[in-house]
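**Student:** One line per chain: the protein sequences are F and P, in this order. Numbers given in my numbering equal positions in the first sequence, counted from 1, plus 286. Numbers given in my numbering equal positions in the second sequence, counted from 1, plus 178.
The hints are simulated quantities; they were obtained by calculation from the structure and are not laboratory data. We put the beta carbon where it would ideally sit given N, CA and C, even for glycine. Any given hint could be a false lead.
[As the list claims (entries may be wrong)] Residues from chain F shown here face chain P by an in silico Cβ test under 8 Å; the list is partial:
1) T397
2) L399
3) N400
4) M407
5) L444
[Claimed, not checked] In silico lysine to aspartate or glutamate, EDC-like type, Cα no more than 16 Å apart, as pairs:
6) F:K369 / P:D235
7) F:K447 / P:D202
8) F:K476 / P:D267
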Amino acid sequence: MIEIKHLRKSFGEGDKRVVVLDDFNAEMEKGQITSIIGGSGSGKSTVLKHLIGAYTPDSGEIWIDGEEVSLLQGEAANGVRKKFGIMFQSGALFNSLTVEDNVALPMREHTELNESTIQIMVKMKLEMVGLRGAEHLKPAQLSGGMIKRIALARAIALDPKIVFYDEPSAGLDPISIGVIDKLIIDLSRKMGITSVVVTHEIPSAMRISDKIIMLFKGKIVASGSPEEIRNSDDPRVQQFIQGSPDGPIPFSKSLTNYGDELKNMSHI
Amino acid sequence: MSIELKLEHLAENTVTVSVNGDIDMSSSTKVRDILAPLFKENNKAIIVDLSGVSYIDSSGIATLVEGLQWSHSSQNKFRLVSLTPGVKDVFEIARLLTVFEVFDTKEQALVE
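Kindly generate the complete structure, drawing on both the sequences and the hints.
**Tutor:** Here's what the structure looks like:
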């Protein structure tokens, strides 16, 4: 289980300081799928970056399987990282390597396994994402949906207990999104993998999630089952799930008054 | 959890390997090291007793698939016995349960 307690993060200095996460609290249950939704700049990717250890919080705690991990470094941090796999938004495959070598990379880097064992494991992982037979292709020869599936095969290469998904369905056609959704559900249900999905694809989040957390300006505005989110009476939640340009979530992200800013430019 | 492997030579050129502990990324190579030479000896059947294994990961399954490959090329029988529920689940998820000869008990594996 993952527990995040009072997580706070800001960027910038002085009057340019922007709080991107403000008292973020969440529990992500073992074997369940938790989606973090929210618009661009809402702070959802910042949560993910804290979970994978890329950011250190200003304050707050992150507990993974009963261990506080937010301040770990070196070997201790690597030990925690072995528990999870990450599926990056872009896929982050190595273009010069074949599919087989991309999926085998974590096994070759982090285990002492024999090469013939690794080749069988790669075949098993590719079978799980429905792409057995693509071993010898290079990323440039794959569609966007296939790249995501290979990225998923690589994320589960070392049988992680936790998988973090960063925008798994961004830029995909509806059928490919359905395929990725099904893979995330299968991995979670059949293998007991704890999944944390950062996404702004509302239909996908509604389909796959046990729990949805919605962020707005670094704060949690709603948290609950897909049904609870759908029925939320918070106008910000309704605006987001309906994709309406008008509502409490403003079109402009500027913090200052437009007229004031133009007037103050007069010295130029 | 560390792994223990026990080798037992029975009559009629049959050998059993009893595994105790988790078969994972750190212990699969030990299982492989004990299995590999058995296929080069004059063994008719190699039986792997998994009753002491509560967890197996994909590296463990892949190692047993290697055993299957060796048995095909060397014409030995390669049988798995006493799979615990957790181990059976992993075989099923990998859709490899039907690929192996699996028996409930060692006695059954020896008779057939």
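**Student:** Hint by hint, say whether it matches the structure.
**Tutor:** Structure-based check of each hint:
Satisfaction of the interface hint for F:T397 is found here, the shortest Cβ-Cβ separation to chain P being roughly 5 Å, below the 8 Å cut-off. At about 6 Å, the closest approach between the beta carbon of F:L399 and any beta carbon in chain P falls short of 8 Å, and the interface hint on this residue holds. Using the Cβ-Cβ criterion of 8 Å, the hint placing F:N400 at the interface with chain P is satisfied: the shortest such distance is roughly 6 Å. Annotation: interface hint on F:M407 holds; nearest CB of chain P at approximately 4 Å, less than 8 Å.
Evaluation of the F:L444 hint against chain P yields a held restraint, the C-beta minimum of about 6 Å falling below 8 Å. Taken as a hint, the F:K369 and P:D235 pair is honoured in the structure, with Cα atoms around 13 Å apart against an allowance of 16 Å. Taken as a hint, the F:K447 and P:D202 pair is honoured in the structure, with Cα atoms around 13 Å apart against an allowance of 16 Å. As the CA atoms of F:K476 and P:D267 are separated by approximately 9 Å, the hinted pair is consistent with the 16 Å bound.
The structure is consistent with each of the numbered hints, conforming to all of them.
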